[in-house]
Amino acid sequence: MDLGLQNRRAIITGGSKGIGKAIAFELVTEGADLALCARGDKALQATAQEISEKSGRMVFAQAADVTDDEQVSAFVTATAEELGGIDILVNNAGSALPGTFEEVDEERWKADLDVKLFAAMRCVRHALPYLKESNQARIVNINSIVGRQIAPEYIANSTDRAACLAFNKGLSDNLAKYGILVNSISPGNVKSNAWGSTLDYFAPDAELEAYYKEVSEQTPLGRVAEANEIAAVVAFLASKRASYITGASIDVDGGLVRCI
Numbered sequence: 003m004d005l006g007l008q009n010r011r012a013i014i015t016g017g018s019k020g021i022g023k024a025i026a027f028e029l030v031t032e033g034a035d036l037a038l039c040a041r042g043d044k045a046l047q048a049t050a051q052e053i054s055e056k057s058g059r060m061v062f063a064q065a066a067d068v069t070d071d072e073q074v075s076a077f078v079t080a081t082a083e084e085l086g087g088i089d090i091l092v093n094n095a096g097s098a099l100p101g102t103f104e105e106v107d108e109e110r111w112k113a114d115l116d117v118k119l120f121a122a123m124r125c126v127r128h129a130l131p132y133l134k135e136s137n138q139a140r141i142v143n144i145n146s147i148v149g150r151q152i153a154p155e156y157i158a159n160s161t162d163r164a165a166c167l168a169f170n171k172g173l174s175d176n177l178a179k180y181g182i183l184v185n186s187i188s189p190g191n192v193k194s195n196a197w198g199s200t201l202d203y204f205a206p207d208a209e210l211e212a213y214y215k216e217v218s219e220q221t222p223l224g225r226v227a228e229a230n231e232i233a234a235v236v237a238f239l240a241s242k243r244a245s246y247i248t249g250a251s252i253d254v255d256g257g258l259v260r261c262i
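Going by my numbering, the first residue of the sequence shown is number 3, and it counts up by one from there.
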């Protein structure tokens, strides 16, 4: 199936590992030109080189902290110059630090909001002039199921992700007049290298595979997702096949969310 992503120019934040890296591989496989950012330059450049070597396509990568507006602006500007414009923005950067209300101080709340909600706002604001010039502009926000099915032990993260859902919906309405489609994906449990803080909080003595098995038992499909299963949905939403979808939030969670 041709997704119509050949030579489409895509930004992926948090693109050096995990879901972001999987999204990068998925889009470049479909023929997209990539620009990746992440805070750690060493891992970022290694990922860009790996993708470039395996795909035969140039990948632009620049270290940027999405909580810093100047760095976001510099990265987006450099991307537009390097790729000749921007068609796709994937807001993937974020964290998921556990903690109940009494365990999470105000600085943690602010930090969680800054790295996800406000970071997405910054990226959209700086990319918007270029997206307006595209004839197939897409914004895909990577969120989490805890924004819909609240997890009390992730209270800051749940609050932040619920706000991200509202931002996604409102933004889709605001940008529809430009033909820019805005959608969100809410993954459930995904195999990645970002489980350290979760393991430390819930099961400090457990091995990662044992923890995967435990959370798999709570999921109707009986397993944890692979990162490329999230990436495949991103590619669809970024494609011409999704030309009449905007303002949607799609759960990619193996049936974990029980609410309607």
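What the hints contain is simulated information worked out from the structure, not anything from laboratory work. Positions of the beta carbon are idealized from the N, C-alpha and C atoms, including for glycine. Treat the hints with care, as some may be off.
No farther apart than 25 Å at their CA atoms in a straight line, the calculated lysine-lysine pairs in the PhoX-like style are these [said to hold, decoys possible]: (1) 134 <-> 19; (2) 215 <-> 171; (3) 242 <-> 134; (4) 179 <-> 193; (5) 19 <-> 44; (6) 134 <-> 179; (7) 179 <-> 19; (8) 112 <-> 171; (9) 56 <-> 44; (10) 171 <-> 134; (11) 179 <-> 56.
Simulated restraints, written as ranges between beta carbons of each label pair [unchecked claim]: (12) 257 <-> 4: 25 to 31 Å; (13) 105 <-> 9: 34 to 40 Å; (14) 72 <-> 99: 24 to 30 Å; (15) 172 <-> 51: 37 to 43 Å; (16) 6 <-> 228: 29 to 35 Å; (17) 83 <-> 259: 24 to 30 Å; (18) 137 <-> 83: 31 to 37 Å; (19) 99 <-> 172: 24 to 30 Å; (20) 234 <-> 155: 36 to 42 Å; (21) 175 <-> 137: 16 to 22 Å.
| Can you list which hints this structure breaks, lowest number first? | 1, 2, 4, 7, 11, 13, 16, 17, 18 and 20
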